[in-house]
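Residue numbers (my numbering), protein chains in the order written: chain A, 1 to 257; chain B, 258 to 543.
For the record, the hints were derived by calculation from the structure and aren't laboratory data.
Just to be clear, a hint being listed does not mean it is correct.
Said to hold, decoys possible - Each computed DSBU-like pair below joins lysine-lysine, with the alpha-carbon atoms no more than 35 angstroms apart:
no.: 1; chain 1: A; residue 1: Lys-102; chain 2: A; residue 2: Lys-62
no.: 2; chain 1: B; residue 1: Lys-305; chain 2: A; residue 2: Lys-62
no.: 3; chain 1: B; residue 1: Lys-369; chain 2: A; residue 2: Lys-62
no.: 4; chain 1: B; residue 1: Lys-427; chain 2: B; residue 2: Lys-501
no.: 5; chain 1: B; residue 1: Lys-481; chain 2: B; residue 2: Lys-501
no.: 6; chain 1: A; residue 1: Lys-58; chain 2: B; residue 2: Lys-481
no.: 7; chain 1: B; residue 1: Lys-538; chain 2: A; residue 2: Lys-256
no.: 8; chain 1: B; residue 1: Lys-446; chain 2: B; residue 2: Lys-368
no.: 9; chain 1: B; residue 1: Lys-368; chain 2: B; residue 2: Lys-351
no.: 10; chain 1: A; residue 1: Lys-211; chain 2: B; residue 2: Lys-481
no.: 11; chain 1: B; residue 1: Lys-497; chain 2: B; residue 2: Lys-427
no.: 12; chain 1: B; residue 1: Lys-519; chain 2: A; residue 2: Lys-102
no.: 13; chain 1: B; residue 1: Lys-368; chain 2: A; residue 2: Lys-58
no.: 14; chain 1: A; residue 1: Lys-256; chain 2: A; residue 2: Lys-62
no.: 15; chain 1: A; residue 1: Lys-62; chain 2: B; residue 2: Lys-351
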Amino acid sequence: MFLIDDNSPLMDEGGLEPRNWSEVPFGSIPGVSILGAEMAIIPMEAWPDLIADRQRRKATLKELWRQSRIGVWNQQETRYCHAFATAMGVAFWREQQGLPFKELSPSSIGGPVTNYQNKGWYIDGDLRQAVEVGVATTDFVPRKTWRRSDFRSGWEANAAENKVVEWAEGRPRNHIMQGTLLLNGIGYIAGLNWWGHAIWVLDLLDLNPRKRADDWTRYGTEFLNSYGREWGEDGFGVLTGERAKADSYTIVRQVKV
Amino acid sequence: MNRFVFLLVIAMAAAASGQDQIPAIVWPVTVDPVVQPVVQPEPAAVSKIPFDQAFVIACRQRMFAFASPMEIADVTESAGPVTIVAVFAGGSGKRETRVFDAPWVYLLEPKKPGKVEIILVPYEAKEPAGNNRQTVEITGPRPGPDPVKPVDPVEPVEPKPVEPVKEFGKLQVLIVEETEDRSQINLRKPGQLTAMLSVAVREYMKTHGLTAADGTPDFRKLDKDQDVLSPNSKQPAWLKTAWKTWQDSGAKTPFVVLSNGKRGIACPVPDSEEEFLELLKQYGGE
């Protein structure tokens, strides 16, 4: 297990632009619902049993990933972690829905939102792109590129086939809602300001069963990074403590079928 | 399925907040004020509950009610009013008929003897503060079959097979859910959510399901708000038929519609992964 805890050094991957909460307050984005308004939280007292049952039965998003074709993505020299995490969210939701597999291109999001520059961006901006334009497949846009010239003709029509229909955001650093989502089999796109990075989080782990159920440091959130299989443990890592509290997190609620 | 209910009547109090032994739950003010749920134990709280006695909690407000650890007991929810005939823990020791005239009634269903914590969380809680909880001990051996069933006007939807002849065939399966309900399902019927998220079910569909030209099994798990039937929807015919079957049924989610081309079934998603796989095998074979 590749664990990142509160003793881990701060990093700055530089791919995430922290959301400006003054300019874009929580709950202010049109068409975006607020988590907690409809989906109630699961009390932490219930977490250990639910985690144990889910692990025992292999009914986790990681198990879903194992039997899928999603794989581990690698942003390499691009600073498109924001787009990679967003596209992973779309890919996972499609997999959950049982939709045909498509090799999605994160760069089809990252390129347009950054005006085809290799730079970080805002997750909410990526999601708006995924809603308004969609996500193209790698047939039309290579997975890793920021060059406009690499976008094949017809990419937008292709992207429109894979639009996000609905998404929702959670209140920043609300670890109870984060845990609730994961226990409900809903992964989230997390923005971590301490890392300057965006990741896709998919499972809740019970790391320290001796601790109280309502102690956040008992748990870890497992995530799929966009650094390839050589990073962490086969591309995965686990956050715990304050590091695991996302400064922003959003879920894809519906994709176009 | 036998139901054994254990009773500790938690009175439905009137407004008397002064009698509360458990702090009232505080709500953020949004629109109309929410009626404060008042959950009160009897003055002499029952801490030990014999297996054959009933334990009932009545609440003004809907709660996430669950028991921990899950292996010892379950908590099931009924919309009130509910009439229960049972020997009630803390009661006369004789069989009684009681009417629980509250909006929500929660029944403890023991599975085996042991200590269990019953936890009540207001349904619309934004934070965990305000949880009401009580630890009880379930005692004695599990008695023989003696179902004590509350008289509930809401009858569960029974699965209705389309044809009785058992012919197997490749399956097409649609699950319709309300994604926002997953928390409720996770707490009340966690096995049902496991069934919906089951990788084992998907693995079964890979070998026993019909597939599209690209090899994708005819298996979909969609939110009820998904646009499947519109003219612009490019969904396969089987999916549109299954979707319409669900819509026409008027049934609540989560719901499953499946067919093997010769016969099919439309029913609530089973309460466990095992039951769901068993259901699939009834139509898809081993």
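Evaluation of the provided hints:
1. A:Lys-102 <-> A:Lys-62: Answer holds: Lys-102 of chain A to Lys-62 of chain A is near 19 angstroms, not above 35 angstroms.
2. B:Lys-305 <-> A:Lys-62: violated (41 angstroms)
3. B:Lys-369 <-> A:Lys-62: holds (32 angstroms)
4. B:Lys-427 <-> B:Lys-501: holds (20 angstroms)
5. B:Lys-481 <-> B:Lys-501: holds (11 angstroms)
6. A:Lys-58 <-> B:Lys-481: holds (26 angstroms)
7. B:Lys-538 <-> A:Lys-256: holds (30 angstroms)
8. B:Lys-446 <-> B:Lys-368: Holds: Lys-446 of chain B and Lys-368 of chain B sit about 15 angstroms apart, inside 35 angstroms.
9. B:Lys-368 <-> B:Lys-351: holds (23 angstroms)
10. A:Lys-211 <-> B:Lys-481: With Cα atoms ~39 angstroms apart, Lys-211 of chain A and Lys-481 of chain B exceed 35 angstroms; violated.
11. B:Lys-497 <-> B:Lys-427: holds (18 angstroms)
12. B:Lys-519 <-> A:Lys-102: Measuring from Cα to Cα gives roughly 31 angstroms; hence the hint holds.
13. B:Lys-368 <-> A:Lys-58: Answer holds: Lys-368 of chain B to Lys-58 of chain A is near 23 angstroms, not above 35 angstroms.
14. A:Lys-256 <-> A:Lys-62: At roughly 23 angstroms apart (the allowed maximum being 35 angstroms), Lys-62 of chain A and Lys-256 of chain A satisfy the hint.
15. A:Lys-62 <-> B:Lys-351: Judged against 35 angstroms, a Cα distance of about 52 angstroms means the pair is violated.
In this structure, the hints that do not hold are numbers 2, 10 and 15, in rising order.
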